[in-house]
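Asks: Produce the entire structure from the sequences given, and follow the hints as far as they go.
So for the sequence shown, my numbering puts the first residue at 517; every next one is plus one.
Do not rely on the hints blindly, as some may be mistaken.
[Stated by the list, open to error] Here are the simulated EDC-like cross-link-like pairs (lysine to aspartate or glutamate), alpha carbons at most 20 Å apart as the crow flies:
1. Lys859 <-> Glu778
2. Lys684 <-> Glu743
3. Lys859 <-> Asp775
4. Lys859 <-> Glu910
5. Lys744 <-> Asp810
6. Lys872 <-> Asp912
7. Lys872 <-> Asp884
8. Lys684 <-> Asp736
9. Lys744 <-> Asp765
10. Lys900 <-> Asp864
11. Lys859 <-> Glu774
12. Lys900 <-> Asp863
13. Lys872 <-> Glu774
14. Lys872 <-> Asp810
15. Lys900 <-> Asp912
16. Lys872 <-> Asp775
Rather than coming from a laboratory, the hints here were simulated on the basis of the structure.
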Amino acid sequence: MIRRYRLRKLLAPTAGLQKAVGMFALGFFALLLGIGLSFRQILQPLIHSFSVRIHEGMARLVAADQVDTAEWLLGGAFLVMGSYLTYRGVRSAFNHVFDIINPNLPPGKMDVYFRRQQLANGPRIVSMGGGTGLSTLLRGFKHHSSNITAVVTVTDDGGSSGRLIQDKGMIPPGDIRNCLVALSDAEKAMTDLFQHRFRGDSGSLSGHAIGNLLIAALVDQANGDFEKAVQIASDVLAIRGRVLPATLDHVRLRAVLEDGTEVCGETRIVAAGRRIRQLHLDPVGSIAHPSAVDAIKTADIICIGPGSVYTSIIPNLLVPGIAEALRQARVPKIYICNVMTQKGESDDFTASEHVKAIVDNAGPGLFDMVLVNTGIPSESALDKYRASGSHTVEADIDRLRQMGLKVLQGNFMSETDVVRHDPMKVVARVLMLLN
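Replies: The following block contains the structure:
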């Protein structure tokens with residue numbers, strides 16, 4: 517699988533051109549052959565006369581025993597010059613065509629074309645999760661490939677998404693919206709519009725994200741077809757890759773807490789603030805999105821996370837068909853562990869406890885590597901997180917290795933106003949596995 521990706525990467529700059537070049541060469545050869553056969557009686561004397569004159573000219577310039585060599589070198593020079601002039605002519609023609617089609621296209625049009633070809637032949641990446649963790653990682657992946665499949669959890673029942681579930685009976689669009697924007701190649705004004713959230717003084721619109729409302733409108737226009745609505749939104753945002761819900765069924769989380777209490781709904785589970793013993797997906801028998809399963813089967817590399825372990829990671833793995841496809845995949849499968857714990861969900865969890873939570877709920881064999889951050893945030897950042905009940909996730913590397921996992925360790929942290937993964941650092945390390 518990795519060797520096939522390397523071959524695609526090597527041929528990426530010319531991918532899509534091979535057929536065109538082959539047709540051009542075949543057509544040019546057929547044209548020359550047709551001219552030669554049709555005008556043989558006219559061309560033969562001309563070619564013979566031209567050849568004799570070249571030979572006589574060479575005889576005057578070089579020694580008699582070097583005439584054949586000189587003619588061979590001159591012929592080679594004409595071939596090189598002809599090839600170069602043909603290349604420049606075709607390139608100039610392409611540029612003029614692009615200028616006519618889109619006069620606002622910036623300089624370096626051919627470079628843009630080749631870059632798009634490279635992205636189109638980049639690795640087949642599957643990235644699974646939800647929340648801000650998944651969308652953050654996608655911002656890094658889109659610079660290396662446009663063959664990205666984001667498999668998104670659909671159990672969010674809070675905020676704008678929760679209200680749309682109640683009002684429209686639709687699949688929650690919030691995490692899907694974030695992933696669409698993360699993969700977008702559209703103008704910043706368009707992505708800013710999708711992410712705009714109405715303030716609290718906006719009446720019934722308060723708290724709604726415009727992107728969620730647009731997806732809801734597209735669902736209406738598509739006669740309730742959520743998948744078609746997401747595809748239209750993908751086209752509008754010109755995304756690199758595709759965004760798929762883990763399932764098109766309406767599902768919700770049900771948790772059995774440490775004290776035996778059962779709590780239903782993602783928002784209530786987080787609000788309960790107690791350790792979770794077991795997580796379930798209701799109703800039983802939901803069906804995985806077929807394209808998500810196919811993407812896992814044909815992937816070059818699969819990433820799970822980062823994200824809230826119980827409400828972003830495990831829900832995807834509970835959808836029947838997803839975990840089975842992951843176990844069968846024979847490609848690098850990496851769980852990207854969180855940088856910080858999450859209050860009410862993973863309080864004081866170490867990296868190995870994150871892994872244990874996944875294994876306890878979804879079973880073993882879903883990934884063979886764990887990426888853990890060993891960077892240390894500043895004290896000011898730590899103070900801010902301590903105030904909200906969060907702490908850095910301890911990278912207990914020895915314990916992870918005892919669990920049979922390969923550990924990718926390093927400083928993968930980006931510290932701005934929040935402490936989270938730096939997508940460029942994470943993606944660079946992950947894609948090293950293919951190189």
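Asks: Against each hint, give a clear statement of whether it holds in the structure.
Replies: Okay, the hints, checked on the actual structure:
1. Lys859 <-> Glu778: holds (19 Å)
2. Lys684 <-> Glu743: Roughly 15 Å separates the two Cα atoms, so the pair holds.
3. Lys859 <-> Asp775: At roughly 18 Å apart (the allowed maximum being 20 Å), Asp775 and Lys859 satisfy the hint.
4. Lys859 <-> Glu910: With a Cα-Cα distance of about 15 Å, the restraint between Lys859 and Glu910 holds, given a limit of 20 Å.
5. Lys744 <-> Asp810: holds (18 Å)
6. Lys872 <-> Asp912: Holds: Lys872 and Asp912 sit about 13 Å apart, inside 20 Å.
7. Lys872 <-> Asp884: holds (13 Å)
8. Lys684 <-> Asp736: Holds. Lys684 to Asp736 sits at ~9 Å (cutoff 20 Å).
9. Lys744 <-> Asp765: holds (15 Å)
10. Lys900 <-> Asp864: Cα-Cα ~16 Å, so holds.
11. Lys859 <-> Glu774: holds (16 Å)
12. Lys900 <-> Asp863: holds (16 Å)
13. Lys872 <-> Glu774: holds (15 Å)
14. Lys872 <-> Asp810: violated (27 Å)
15. Lys900 <-> Asp912: violated (24 Å)
16. Lys872 <-> Asp775: Answer holds: Lys872 to Asp775 is near 19 Å, not above 20 Å.
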